[in-house]
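Given these sequences and hints, build the entire structure.
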Amino acid sequence: MPHGAIRERPLLLTWAVLMALSALGAFGAWLADGGTLRLAGLGAIALFTLFKARLILANYLELSRAPGWLAGFSVAIFLLLAMIFCLIALVPAP
Amino acid sequence: MKYQSQKVAAYYFYCAMALFAAQVTFGLVLGYIYVAPNFLSELLPFNIARMIHTNALIVWLLLGFFGAAYYLVPEESETELHSPKLAILQLVLLMVGASGAVVGYLFRVHEGREFLEQPLWVKLGIVAAALIFLYNITLTVLKGRKTAITNVLLLGLWGIALFFLFALYNPANLTLDKIYWWYVVHIWVEGVWELVMASILAFMMLKLTGVDREVVDKWLYSIVALALFTGLLGTGHHYYWIGTPGYWQWIGSIFSALEVAPFFAMVVFTFVMVWKGRREHPNKAALLWALGCSTLAFFGAGVWGFMHTLAPINYYTHGTQVTAAHGHLAFYGAYVCLNLAIITYAMPHLKNRAPYNQVLNMVAFWLMSGGMAFMTFTLTFAGVVQTHLQRVNGEYFMDVQDQLALFFWMRFGSGVAVVLGVLLFLYAVLMPRKEVVTPGVKTETVPAE
Amino acid sequence: MGDGEGACNEAVEISSGWGPLSALPGDAMMWILIISELAVFGAALAGYAVSRALDPELFSASQAHLDPFSGALNTAILLTSGAFAAGAVRQARAGAIRTTRWLIGIAFLFGLAFLTVKVGEYAGHLADGYGLEANTFFTLYYLVTGFHAAHVVFGLMILALVAAFASEENVTTGCAFWHMVDLVWVLVFAVFYLS
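Protein chains in written order, with our numbering: chain A, 1 to 94; chain B, 1 to 449; chain C, 1 to 195.
Since the hints were made in silico from the structure, they are not lab data.
Careful, some of the hints might be misleading.
Incomplete in silico selection of chain A near chain C, CB under 7 Å [to be verified]:
1. Ser22
2. Ile45
3. Lys52
4. Ala53
5. Tyr60
6. Ala66
Bear in mind that the values here come from a model prediction, so they are computed numbers and not experimental data.
Using N, Cα and C, we set each Cβ at its ideal position, and we do this for glycine too.
Encoded structure:
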């Protein structure tokens, strides 16, 4: 594997985006806590979580070097989150 | 046969096959008792016949494993066995114990703990035999070449002996009793036996397909990792209803659901090796048994196990004929086929001749496997009907059994097919044609690397 | 299994034979573990979703006892720890062993901080009378987060080990486990605390 040939994303940037997404997730949770924007909030949480997972996979675990694996893991996590959040959306807490 | 001491494997295989014949004979009797419940009810009650059926199975499979170890370890380690005499002593101990146990059972002498009914002296004999075996085989490995196959095989065999020690511990508390009982029963078949299975299959793939050892090793390590990762905590799927806390339902369901992974990996492993292999090995029957082993183990242990492993499903199916269906195909696929594969592979070498009676052996495979598959289907249907009538509708056990008679008749029929297949196999392996002169086919003994 | 390990490392260096797994950074055996772990946590989270759908009232009421702030704090802690671990891998690749060790050390300290917060949370629930068998929600909560915390502990041991034997291969492999712990937490946090 030619290490030097691959452009490494700055870790600081990855970390900052991860922090921002976590904060946005908390905002989503606030929205999801009942009310008319519940579904939007849940969708936001799921989406931001998927982004975070992808960032960890691509830049922490360095799967950006193995795009096939990155895609495989991303699809699996997407399907898991879709299943979980669809169930949560369909059966609201009273 | 490259090493003289490998010869002891043949004696193990003969004894294993004798017990195999006894096991399926008692199986046939049991299948008949299911449809004619008074058959032999005074002379040989159902519980006694079942004891012999299950005990003989375990013992002959273990004899097969020991034989396989004595056959393949010298070849892998590239050295003679530490002591062939000790191997014979071990076999004598085991056979005395096994026949003593069977005779005892016939006179109603047993300890009553399911599958571990052996009297204490037999259990201690088994421990002594295991110690002799481990001493013998470990010293052989230590003095010779170390390979992934012998490492994993040793790990599995040591595990078998260590976990058997829990058979000697029988606490008064029924829940604790069951917890430790499963340390033997579950961790054997869904843990350490799988290591033995993977390493024997790896050895056979190496010999039969000629794929590089490096590749085989990696598959072997991956399968072992998966087997231990899923199998150990998968024990939890036996802890659902024995008085343990409810969280076992989650642990057991999740980990045991993944137990299908190592079996799936073994299917992919064997088929990919055969597909990639460059070697046209003359022993087609051994290859058929090996491929049948991984495939039927995947269905019997993996798929049929998964069917009723999740706690909410098991709540209804627990202890019905669904379990019997799973048990039969899992044991047959994973461990019977494995032993018959290594016996089919090794016997021509041990007799120092080219593979013989290939067609007959393959017919035996299809007859036995077809019979077992049909038995699995009938028992599965019986189990589903039973679950509904008994667990959902709440009908009485014996009333339900009456309604299952048709399935039990069909199971008896499939049992006849299995026994015929076994007889055919024994004939094919034990009775090579005398007039055939050994041709100089030695190519298959060239190591793969 | 001393011999087994030796054979395994030797095999990895040849890097043939692992098939598609050889494209992954670090030891392929670690990735088999990572995939297995993701499958286990994925199954547990899916089980959580189904159980919640069967009894939304209980889950909602129980969930109210969790402190989203602690969860968010731990997320930040673990992701920060992960950044240092990822930095350690890059330094190890560049051959800067000293820096590598320092970075692993910082990642380690953040891991300890995570455990401290988590233990604080557990103590709070237990003080309120919500133990492992309080109800289905708490059974799942303790099982999933407890199993995760066990992996944090195990991950800390691995980090210590690869800091001591800081070859590029070891650091990459050890940190891959640590990132898996990160990844799982992100999912656990979203499901248990946020939604």
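Violated constraints from the hint list, given by number and in increasing order: none
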